[in-house]
Amino acid sequence: MNRASATPVLKVHNLSVGHKNIPVLQGLHFACEAGQFISLLGPNGAGKTTLLRTLSRHLPPLAGNILLRGKELTKLRALELARIMAVVLTDKISPPLFTVEEFVALGRYPHTDYLGRLQAEDISRIQAALQAVRAEHLQRRQFSDLSDGERQKVLIARALAQDPQLLLLDEPTVHLDLRHRMEVMAILRDLCRCQGITVLASLHDVDIAAKISDRVALIKDNGMMAWGSPETVLNSASVSQLYNVEQAVFDSALGSLEMRSPTSSGKAFVVGGMGSGALVYRMLAKKGFAVATGVLQKHDLDFHVARALGAECISVGPMETIDGAGAEQALRVLATCDFVVDSGFALGPANMANVDLLHSALRQGKTVLSLRSDIADLFAGDEKNSLYLCQDADQFLTFLDTMDAMVFDRPAPLSVPQPESM
Amino acid sequence: MSTADLAITPVRSSLLSRRPTLVFILLGCAAVLLLLLNVTIGSVHYPLAEIIRILQAPAEASTSTAGSIIWNIRIPRAIAAIFGGAYLAASGLLLQIYFRNPIVGPYILGISSGATLMVSFVMLTTVSAGLTMFSPYLNTLAAFLGAYAVMFLVLVIANRVGGGVTLLIVGLMVGYLCGAVTAILTALAEKEKIKGFVLWQLGSFSGFKWDEIMLLLVGGGLIIGLLYLLSKPLNAFLLGEEYAASLGVNIRRFRLLILLCSCALAGMITAMAGPVAFVGMAVPHMARLSFGTSDNRILIPGACLMGAVVTSLCDLIARTVMAPVELPLSAITAFFGAPIVISLLLKRRVKL
Numbered sequence: 018m019n020r021a022s023a024t025p026v027l028k029v030h031n032l033s034v035g036h037k038n039i040p041v042l043q044g045l046h047f048a049c050e051a052g053q054f055i056s057l058l059g060p061n062g063a064g065k066t067t068l069l070r071t072l073s074r075h076l077p078p079l080a081g082n083i084l085l086r087g088k089e090l091t092k093l094r095a096l097e098l099a100r101i102m103a104v105v106l107t108d109k110i111s112p113p114l115f116t117v118e119e120f121v122a123l124g125r126y127p128h129t130d131y132l133g134r135l136q137a138e139d140i141s142r143i144q145a146a147l148q149a150v151r152a153e154h155l156q157r158r159q160f161s162d163l164s165d166g167e168r169q170k171v172l173i174a175r176a177l178a179q180d181p182q183l184l185l186l187d188e189p190t191v192h193l194d195l196r197h198r199m200e201v202m203a204i205l206r207d208l209c210r211c212q213g214i215t216v217l218a219s220l221h222d223v224d225i226a227a228k229i230s231d232r233v234a235l236i237k238d239n240g241m242m243a244w245g246s247p248e249t250v251l252n253s254a255s256v257s258q259l260y261n262v263e264q265a266v267f268d269s270a271l272g273s274l275e276m277r278s279p280t281s282s283g284k285a286f287v288v289g290g291m292g293s294g295a296l297v298y299r300m301l302a303k304k305g306f307a308v309a310t311g312v313l314q315k316h317d318l319d320f321h322v323a324r325a326l327g328a329e330c331i332s333v334g335p336m337e338t339i340d341g342a343g344a345e346q347a348l349r350v351l352a353t354c355d356f357v358v359d360s361g362f363a364l365g366p367a368n369m370a371n372v373d374l375l376h377s378a379l380r381q382g383k384t385v386l387s388l389r390s391d392i393a394d395l396f397a398g399d400e401k402n403s404l405y406l407c408q409d410a411d412q413f414l415t416f417l418d419t420m421d422a423m424v425f426d427r428p429a430p431l432s433v434p435q436p437e438s439m
Numbered sequence: 133m134s135t136a137d138l139a140i141t142p143v144r145s146s147l148l149s150r151r152p153t154l155v156f157i158l159l160g161c162a163a164v165l166l167l168l169l170n171v172t173i174g175s176v177h178y179p180l181a182e183i184i185r186i187l188q189a190p191a192e193a194s195t196s197t198a199g200s201i202i203w204n205i206r207i208p209r210a211i212a213a214i215f216g217g218a219y220l221a222a223s224g225l226l227l228q229i230y231f232r233n234p235i236v237g238p239y240i241l242g243i244s245s246g247a248t249l250m251v252s253f254v255m256l257t258t259v260s261a262g263l264t265m266f267s268p269y270l271n272t273l274a275a276f277l278g279a280y281a282v283m284f285l286v287l288v289i290a291n292r293v294g295g296g297v298t299l300l301i302v303g304l305m306v307g308y309l310c311g312a313v314t315a316i317l318t319a320l321a322e323k324e325k326i327k328g329f330v331l332w333q334l335g336s337f338s339g340f341k342w343d344e345i346m347l348l349l350v351g352g353g354l355i356i357g358l359l360y361l362l363s364k365p366l367n368a369f370l371l372g373e374e375y376a377a378s379l380g381v382n383i384r385r386f387r388l389l390i391l392l393c394s395c396a397l398a399g400m401i402t403a404m405a406g407p408v409a410f411v412g413m414a415v416p417h418m419a420r421l422s423f424g425t426s427d428n429r430i431l432i433p434g435a436c437l438m439g440a441v442v443t444s445l446c447d448l449i450a451r452t453v454m455a456p457v458e459l460p461l462s463a464i465t466a467f468f469g470a471p472i473v474i475s476l477l478l479k480r481r482v483k484l
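Which chain is which? The protein sequence lines are L and B, in order.
Start counting the first sequence at 18; every next residue gets the next number (this note's numbering).
Start counting the second sequence at 133; every next residue gets the next number (this note's numbering).
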């Protein structure tokens with residue numbers, strides 16, 4: 018059942034949080050509805066944990082109100098609060114001699130009698146909680162023997178056994194491997210969708226948060242930089258500002274972060290398109306080459322990746338045929354580059370101008386690295402002295418090292434491959 | 133929860149089928165057996181028939197020597213050993229939960245040092261010369277005063293500092309301070325007084341009076357009863373203070389209550405028997421490992437029973453092995469207890 022109702026599960030008004038009258042965050046306003054997934058994003062030390070600890074009443078608020086289902090948080094009785102809100106903290110706990118099942122049973126605390134005796138209802142809730150986190154198979158294991166990923170799932174099960182409407186999690190995926198990270202996020206998302214539980218979690222993975230959250234809160238510099246759906250709030254500018262990074266750029270269309278690295282080598286011109294260039298850009302960026310690319314149609318995958326990596330991007334409108342002005346501009350830029358890469362893009366009537374670009378590069382005597390498997394037709398009439406073929410990414414990377422050496426006149430790490438003879 | 137979740141067929145759960153009963157029965161039998169042995173065995177030998185006759189006639193306590201030995205010496209001592217072991221074990225269990233640290237015992241907060249300090253004043257100096265009217269109870273009174281003074285000091289400090297580790301260090305420091313004063317007094321004391329004092333420091337259940345037993349029974353019994361009722365929040369406390377608070381435990385009040393109960397129990401025994409080492413630290417482990425659980429609903433009575441058995445056994449050994457010389461109790465408890473704890477840990481391969 019969905020616990021949808023008029024009153025938000027959690028409403029925060031003009032809240033200030035901090036330690037001992039020194040505010041860490043001020044003037045917070047937001048409301049969480051039933052079944053929403055809310056991510057708190059922000060750099061380390063921004064105050065995400067302090068906010069979570071205040072919401073869970075471990076710290077008193079310095080100012081403002083916190084309303085839990087319309088009731089003042091500070092006035093709730095401890096047991097009443099425990100029936101509405103459950104927490105998963107980062108503290109590493111490992112009580113000895115607890116089976117997973119007994120451990121999860123501790124979550125029934127606010128529902129059991131004065132001695133904590135379990136009724137049939139409690140047992141079925143514990144089983145349901147274990148199933149919800151896909152950990153039924155662990156129930157007889159010792160809690161202290163679990164791996165980090167299993168432990169995190171069991172900690173969530175314990176919180177679920179409390180039968181909460183609001184679940185607060187402090188960095189639930191930290192220290193987990195990829196599989197468990199994805200599994201934990203999927204579990205949390207299912208809790209929101211299927212059980213109508215509101216989940217409020219501090220996260221470090223912007224890309225995962227963007228894909229899973231209903232709301233994100235960007236926490237920085239004493240306050241909330243932004244609040245809203247990730248689709249409106251997260252873009253390359255806000256993410257760069259949030260984490261104060263220039264090396265990595267978030268692209269909302271790709272939903273991922275691209276790593277920029279300072280240019281330390283020469284400049285490459287990539288003739289790409291239709292997604293064929295994305296990997297090439299990343300390899301070049303990793304090796305420290307500056308990248309120019311073209312001619313791309315706007316909103317091609319390559320366009321987004323190249324832009325996120327900070328490449329000089331020559332483009333025409335979406336679905337437009339590449340010709341004229343775009344091609345001329347590309348040619349001018351190409352002339353300034355140290356070498357040219359043919360990404361092996363698919364050929365079609367709309368991008369014949371890009372093929373011409375490669376021809377003219379070869380005519381100018383530019384080094385051209387081609388990742389194309391079948392070059393016979395394309396370069397049939399060309400001078401091939403400066404054309405190099407790469408069978409796969411490894412060979413391409415080796416080439417790049419060689420290029421690096423040639424451009425900067427450094428000793429080559431590997432011998433220069435011979436031009437393709439045909 | 134969706135309806136599908138509610139329709140789950142309950143898998144056979146280990147939560148309802150745990151069986152600590154057998155261990156309880158074994159320990160109970162052992163406790164009764166040791167109680168009887170402690171009454172029947174002693175430096176003066178009596179035939180069994182004689183002892184049974186005397187046990188049926190409490191009035192003989194004041195009429196015959198045998199009656200007096202059985203009723204006024206052996207029985208109070210046997211009962212005191214049982215209470216002493218039980219309360220020290222419970223006290224140690226509480227502090228191990230409080231500090232979430234398996235190597236703490238009842239004396240970690242300096243209670244025994246406080247008691248020792250006050251007793252050293254009485255036994256090693258002449259300041260008590262004018263107080264001869266209290267003389268039979270003077271040691272007990274002094275130890276009581278010292279133990280509870282340190283306890284209140286610790287409670288006041290616990291109320292002000294948040295972290296368990298800070299309190300632990302404060303307790304240790306208070307212990308060192310008291311120990312320093314005691315050491316100075318020992319250095320200045322006359323030689324013949326020192327031996328008595330050293331033996332007191334090693335603990336003994338000899339010389340218990342019936343009214344002390346009654347005090348142990350009523351005072352300690354009430355605390356143990358209270359603790360059993362607190363076993364649910366104590367279980368939540370195993371998760372750490374923040375999780376316990378999120379489950380609905382009033383942490384501030386509960387912390388003080390645990391410390392108060394633990395110190396009161398340990399202080400009571402220390403005042404009457406002196407500092408009995410090892411029991412409070414090791415018995416909770418023995419109980420945890422034999423019952424195979426950390427559930428305090430089982431461990432509180434379990435540790436009490438285990439403590440009673442271990443202490444009775446050690447007292448029996450201390451009295452009989454080199455009779456008529458009585459060995460120091462703390463030596464025996466450590467001698468027999470330490471290997472047991474080590475072997476249990478190795479056998480069960482659990483991390484505590």
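Treat the hints with care, as some may be off.
Computed, partial: chain B to chain L, Cβ under 10 Å [said to hold, decoys possible]: (1) Arg232; (2) Glu373; (3) Ala376; (4) Arg429.
Honestly, the hints are just simulated from the structure, not real lab data.
Built from N, CA and C at the ideal position, the CB exists for glycine as well.
Tested hints:
1. Arg232: At 8 Å from the nearest chain L Cβ, arginine 232(B) passes the 10 Å test, so the hint holds.
2. Glu373: With Cβ-Cβ at 9 Å, under 10 Å, it holds.
3. Ala376: This hint holds: alanine 376(B) lies near chain L, its Cβ roughly 9 Å from the closest one there, short of 10 Å.
4. Arg429: Status holds, d = 6 Å.
Consistency with the previously given hints is maintained throughout, with no hint failing.
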